[in-house]
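For reference, the chains in residue letters:
2 protein chains.
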Amino acid sequence: MNNFIFQNPTKIIFGKETIEKIGDELKKNNIKKVLIHYGGGSIKKNGVYDKVVISLKENNIEFIEVSGVKPNPRLSKVIEGIEFAKKNNVDGILAIGGGSVIDSAKAIAGGFFYDDYIWNAFATKNRFKKALPLFVILTLSATGSEMNGNAVITNEKTNQKWTTSGLALYPKVSIIDPTVQFSLPKKQTINGAVDAISHAMEFYFDGTKNNEIQLQLAESIIRTIITTTEILLGNPEDYDARANLVWSATLALNGLLSTGTKGGDWSSHELEHSLSALFDVSHGEGLAIIFPAWLKYNYNEHIERFDRFALKIFNIDTGNPSIDAKLGIETLIEWYKKIGQPTTLKEIGITENNIDKLVENATQKEYIGRLKRLSKEDIINIYKLAL
Amino acid sequence: MNNFIFQNPTKIIFGKETIEKIGDELKKNNIKKVLIHYGGGSIKKNGVYDKVVISLKENNIEFIEVSGVKPNPRLSKVIEGIEFAKKNNVDGILAIGGGSVIDSAKAIAGGFFYDDYIWNAFATKNRFKKALPLFVILTLSATGSEMNGNAVITNEKTNQKWTTSGLALYPKVSIIDPTVQFSLPKKQTINGAVDAISHAMEFYFDGTKNNEIQLQLAESIIRTIITTTEILLGNPEDYDARANLVWSATLALNGLLSTGTKGGDWSSHELEHSLSALFDVSHGEGLAIIFPAWLKYNYNEHIERFDRFALKIFNIDTGNPSIDAKLGIETLIEWYKKIGQPTTLKEIGITENNIDKLVENATQKEYIGRLKRLSKEDIINIYKLAL
Chain A
45 MNNFIFQNPT KIIFGKETIE KIGDELKKNN IKKVLIHYGG GSIKKNGVYD
95 KVVISLKENN IEFIEVSGVK PNPRLSKVIE GIEFAKKNNV DGILAIGGGS
145 VIDSAKAIAG GFFYDDYIWN AFATKNRFKK ALPLFVILTL SATGSEMNGN
195 AVITNEKTNQ KWTTSGLALY PKVSIIDPTV QFSLPKKQTI NGAVDAISHA
245 MEFYFDGTKN NEIQLQLAES IIRTIITTTE ILLGNPEDYD ARANLVWSAT
295 LALNGLLSTG TKGGDWSSHE LEHSLSALFD VSHGEGLAII FPAWLKYNYN
345 EHIERFDRFA LKIFNIDTGN PSIDAKLGIE TLIEWYKKIG QPTTLKEIGI
395 TENNIDKLVE NATQKEYIGR LKRLSKEDII NIYKLAL
Chain B
45 MNNFIFQNPT KIIFGKETIE KIGDELKKNN IKKVLIHYGG GSIKKNGVYD
95 KVVISLKENN IEFIEVSGVK PNPRLSKVIE GIEFAKKNNV DGILAIGGGS
145 VIDSAKAIAG GFFYDDYIWN AFATKNRFKK ALPLFVILTL SATGSEMNGN
195 AVITNEKTNQ KWTTSGLALY PKVSIIDPTV QFSLPKKQTI NGAVDAISHA
245 MEFYFDGTKN NEIQLQLAES IIRTIITTTE ILLGNPEDYD ARANLVWSAT
295 LALNGLLSTG TKGGDWSSHE LEHSLSALFD VSHGEGLAII FPAWLKYNYN
345 EHIERFDRFA LKIFNIDTGN PSIDAKLGIE TLIEWYKKIG QPTTLKEIGI
395 TENNIDKLVE NATQKEYIGR LKRLSKEDII NIYKLAL
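One line per chain: the protein sequences are A and B, in this order.
Residues 45 to 431 (this note's numbering) make up the first sequence, in order.
Residues 45 to 431 (this note's numbering) make up the second sequence, in order.
Please keep in mind that the hints were generated in silico from the structure rather than gathered at the bench.
Please note that a few of the clues may not be correct.
A pair counts as met if it fits within one copy or between any two copies, since identical chains are not told apart.
[What the hints assert, rightly or not] Pairs of lysine to aspartate or glutamate, EDC-like flavour, derived with a Cα cap of 20 Å:
1) LYS340 <-> GLU396
2) LYS114 <-> GLU124
3) LYS253 <-> ASP284
4) LYS101 <-> GLU378
5) LYS356 <-> GLU263
6) LYS173 <-> GLU69
7) LYS306 <-> ASP284
8) LYS216 <-> GLU396
9) LYS101 <-> GLU61
10) LYS253 <-> GLU281
11) LYS420 <-> GLU410
12) LYS77 <-> GLU109
13) LYS76 <-> ASP94
14) LYS77 <-> ASP282
Quick caveat: nothing in here was measured; it's all calculated off a predicted structure.
Modelling step: build the complete structure from the supplied sequences, incorporating the hints.
Below, the structure is given as C-alpha cells:
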C-alpha cells in the first residue's frame, strides 16, 4: 500500500425529501445571494427547480441564474458564469444537475477569484487556490463530482477536454435525493453507471499491489452498480436500487478508492476525453468503448489483478489466469452490450480515418497511464482495438 | 436504505515516515501552543515522542504535557487536562496514542469551552458544541476515534462508561503511520481487531434492509481485518498487512458503514461498557465475550442477515438459513479463540454472582438496541449467555 492523504470535507445530505433543505444549508453558511447554475431545463419539468426556489425564498436568499450547461461542459459557459457572478456580487454557487453542471459550477466558483487566464487552471499547475462556496443538488449520478474536487471542462476553441482539481473545489454541501433520478431517460442511468464503474476500475487497475481493502471496496462498488443498474432497467423507480446505485457512484470517486493506490491509471479517461472533445460523444458511451480496449491491450501488465477482477466481479475461475483475465474483459463487454451501450467506435460512426486526429489530441497530455505509461504507438493501438 | 447525513472533515495523513509532518500541520492550522496528551510512556520507548518533539521545535510550536491516560480513560484525567490546558492557555490538543488517549483528548478539547459540569456532555443532550482543534498521532488501531467525533469516558466515581459525540470533536488532522504498531504487544493488535470488527457488525446487524452497498463495504472490512490479523500474528512487521488492518479499522467507524442504516445496534457495546466500567476489562476482550452472546440471542430477529454474514465472511452455506446463521456465530467464536481472545465471562473471572451488578449498570442507559430494543430481561439473558 502506498502512502496517502485523505481529506473530504463535503457534507452529504442523502435521501427522500431532502431538496427542501437547501435554503437552510445556504443560510447556515451565511450565503445571501447565490448563482443558480443548471442545464437544459429538465429541472423545471421534474419539480426540482420549484422546490429550490421555494426553499430559497423561505430563507430570504437572493438568487440569479445561468443555465444552458451542455454535456461536456464548455469553457465559454464558464466564462459567462464568472462574469455574471462578478457583476452580481454573489457569495455562493448552487449547481443543480449532474457532473457537467457541477463541473461548470466548480470552474465558475474557482474562476471568480482567479487572476490568470481561466484555461491555465486546467492546462498548467496554476490550479484554483480559492473558490466561492459551492452547493449541489444532484440530479444524475455518474461523475462523483458532488463529493470531490475535480472538474472537467471542454475548451471548444482548442478541442481540449481537460481536468482540474483542488481542495477549494469540494462542494460545501451536496444534496442527493435518489427519487429525482426516477424520471431520467434510461440511457442516462446507463451512462452514469458505466462512468462510475470506470472510476472504480481506474484505481483497481493502476498497478498498485497489496491494497486488499481498497480492492474489496472497489469490487463492492462495481458489483452493486451492476446489480442495481439491471434492476433499474426493469423498474426505474425502485427506490432501494436507485439509492444503492447513486451512493455507490458517489463513493467510486470521492477519494476512498484512491487511498493507498498510485492514484489511478486514468488512461481510458484521457483517451475518452479526446473522443468527447472532438466528436462530442457522451462520456459514458465513450468509456464503454475505450475502457475495454485498454483492458485488452494491457492485461498482461498485471495478470493477477485482471484474473482477480474476473473472479470477484463475474465469478469466472477456469484455473488459468490468462484465460480468466480475457474472459473477464469479454464478460464486461457483453454486459455493456446487454445494457445497451455501444462497445466499438464504428457503432458511433468513428472510423480508422479519425484515429490520427484522436491520437494528435490525446498526445497533447503531459503523460497518460500509470499501470503502463502509454507511448504514441500504444495510444494508436488502443484506439485501433476500439474500432 | 434510510436517509442519512455524512460529513467527515478529518484530514488523514497515512503511511511511512509521516509523524514528522505533525509540526507543519499544526503550523498550517495556526497552533502556537499545544497540549500533548498520552498514556503510559510507550511512545518514549518506540521513538514516536522524540519525532514529535523534533517536529514541534522545528516549527516553533510550544508544548506542555498531560500523560498517564489509562485504558477505559477516566473522567478525573480529563478534568486535570482541562484545568491544565486553561491555565496554560493552549490553542490546540495533540493526542499521541490509541482510542483511550484520543477520547480523553476529545473530552479535554470540548471541556475547554464547556460551561456546564463536564459529565453532562456524556450524560445528557447538552453535548459539546465547540472544541479546541484536535490533532492525532495514532499508535493503536481499534476505536476509529482518529476519524470520528465520538469519545467514550469512564466516570470512576459513578462507574459509568458513557459516550458523547459531535462534529466539533472530529480531529483536524490524524497521522497514521502503520510502522508504529509493529512493536505493539500481540494482545493489543488482537483487541483492536476485535473492536473494529465489532463496529462493522453493529451496523451490519441493526435491522436495516436493502442497504446492499453498505453491507458489501462492511463485509470487505471484516474479511480484511480477519486475514490481516492472522498474518500479523505470524509477523507483526508485515507492512502491507498492518496497513490494510489499520486503514480498515479506521473505515469501520468513520461514518461510511453507518450511512443508510438505522445508525447501528450498539447493544453489545453498551453491555460491554458496563463490563469495562465495573471490572476494568479491556474493551476488545469484553466485546469478544459479549457480542457473540448478543448474536446468539438475536439471530432470529433478522435471520437473512445472519445467514448472509455466515456466507460472506466464512463461506458457510448448508442451504438452511437457520443452521447457517448459528454456524456463522460459532465460527466467529472459534476465530476469536484461535487468535487468543476469551469468549466467556468465566474466563475473565466474572460469575453469575456479578450479573445483577452488570444489569443494574447497563439499565441506567436510556435504551439499548435497534435490531431489538432490549428489556431488562433480555439484558439478563444476554449476560447469562455470555457466562
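(message) For a quick check of understanding: which of the numbered hints are violated here, in increasing order?
(response) 4, 8, 14
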